[in-house]
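Peer 1: Starting from the known structure of chain A, arrange chain B on it as the hints suggest.
Residue-level listing of the chains:
Number of protein chains: 2
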Amino acid sequence: MVSDVSRRQQIESTASALFRERGYAATSVRDIARALDIQGASLYAHVASKEDVLWSIVSRAADRFDAAVTPIARDRTLPASVRLARMITAHIGVIADDLGNASSFLQEWRFLSADRRAQVAARRDGYEAMFRGILEEGIAAGELDPLMDARLDARALLSALNGVAGWYRPTGALTPAQIADRFTSLSLDGLRRRPGLSYPAPDEGGRTLR
Amino acid sequence: MVSDVSRRQQIESTASALFRERGYAATSVRDIARALDIQGASLYAHVASKEDVLWSIVSRAADRFDAAVTPIARDRTLPASVRLARMITAHIGVIADDLGNASSFLQEWRFLSADRRAQVAARRDGYEAMFRGILEEGIAAGELDPLMDARLDARALLSALNGVAGWYRPTGALTPAQIADRFTSLSLDGLRRRPGLSYPAPDEGGRTLR
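Here the protein sequences come in this chain order: A and B.
Heads up, the first sequence is in our numbering, so the first residue is 1 and it goes up one at a time.
Heads up, the second sequence is in our numbering, so the first residue is 1 and it goes up one at a time.
In isolation and in its complexed conformation, chain A is listed as follows (with noise of 0.2 Å):
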């Protein structure tokens, strides 16, 4: 027999599935519970509701992006710049780890009541404060930009990340990490060709990722 815990899971995970592939707002209970080969009211002696599954999901990616990215946003030993290079990587880890998890978080909260649609926000804009901070903490070290718009750009950052969780495939030409480290090429250094830097030629590696 299955326990509640793991029945919890299976229960979340084969929500998260269909709230990535159809949207929450057309996914029906009856929906989960064919998806999980139970009956409807089998599935109401494990959770309240629809939206009772969404919270569970959404809280639980919250958590997760929370646990790879805080401790490394606050280890002040290392460089800003490394530290931002790690949290661009445990972040796109997170999402990568569990794909319908992070889409259903970063797609379907708004559909949340208002009460934890306003916590769901809070938590947000502390994840987000936690990139402009490290920004900030870079400018100030002398390692980054002093003219950048710390607040605009921790929010660029965040959309073109976040963008991942709809396009990432684990099959796709790039892992995780490679992903990761274009992406901390691309905010650190940019698009431009640098002058005084030499550049491998095209046939010494220096073709693009794909």
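Keep in mind that the hints were calculated from the coordinates and are not lab data.
Misleading hints may appear alongside valid ones.
Cβ-to-Cβ under 7 Å is the rule here; a few derived chain B residues that face chain A [stated by the list, open to error]: (1) A25; (2) L144; (3) D145; (4) P146; (5) D149; (6) L152; (7) A156; (8) G163; (9) L186; (10) L188; (11) D189; (12) L191; (13) R192; (14) Y199.
For every residue, glycine included, the Cβ atom is placed at its ideal position computed from N, Cα and C.
Peer 2: Just chain B now, with coordinates in the frame of chain A:
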């Protein structure tokens, strides 16, 4: 008496504001009619269904982005980095000019029927390919970093730009032109302080833009 064309525009404008606020799935035709202060039955004289309204909104948004950005992308008399800067400005301009229309397009297009969704996906792919193409032209011309991943980087840039629709406020501290300038610097030159560049002291205007 209101013409059919302007009535239709009113309907789309009201509907897109509601879609942006509460989502397509949670908005009924009755809600749209109520916001317009007309009867649901009168609304159906102008639109066949709620999805029909969404389709008009989404098609118009895709047209607006194409019309603003395509002529810039095609103007081969300009260096790729200059075209990229202008494409960024144009894209943000389209978002800021009609936030409801752009947000409904970016957030709600997946609620369209499968056939219409496929048409939108193809247009979005073509639009992304224009940004990728500029990056590839910039690499070929020796302007842009040959070690970039043009596909990933174009996606990252568009995700970040589209994120503007989520946080831009007409009453905010930054104008669309200032936001576009910052996105351009961030994309081309990144966050790292560049050795050899002199930066103004904070009291000479070196503050972050806020």
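Peer 1: Hints first: check each against the structure and report whether it holds.
Peer 2: Verification of the hints:
no.	hint	verdict
1	A25	holds (3 Å)
2	L144	holds (5 Å)
3	D145	holds (5 Å)
4	P146	holds (5 Å)
5	D149	holds (4 Å)
6	L152	holds (5 Å)
7	A156	holds (4 Å)
8	G163	holds (3 Å)
9	L186	holds (6 Å)
10	L188	holds (5 Å)
11	D189	holds (4 Å)
12	L191	holds (5 Å)
13	R192	holds (5 Å)
14	Y199	holds (5 Å)
Figure legend: structure checked against the earlier numbered hints; every hint is met.
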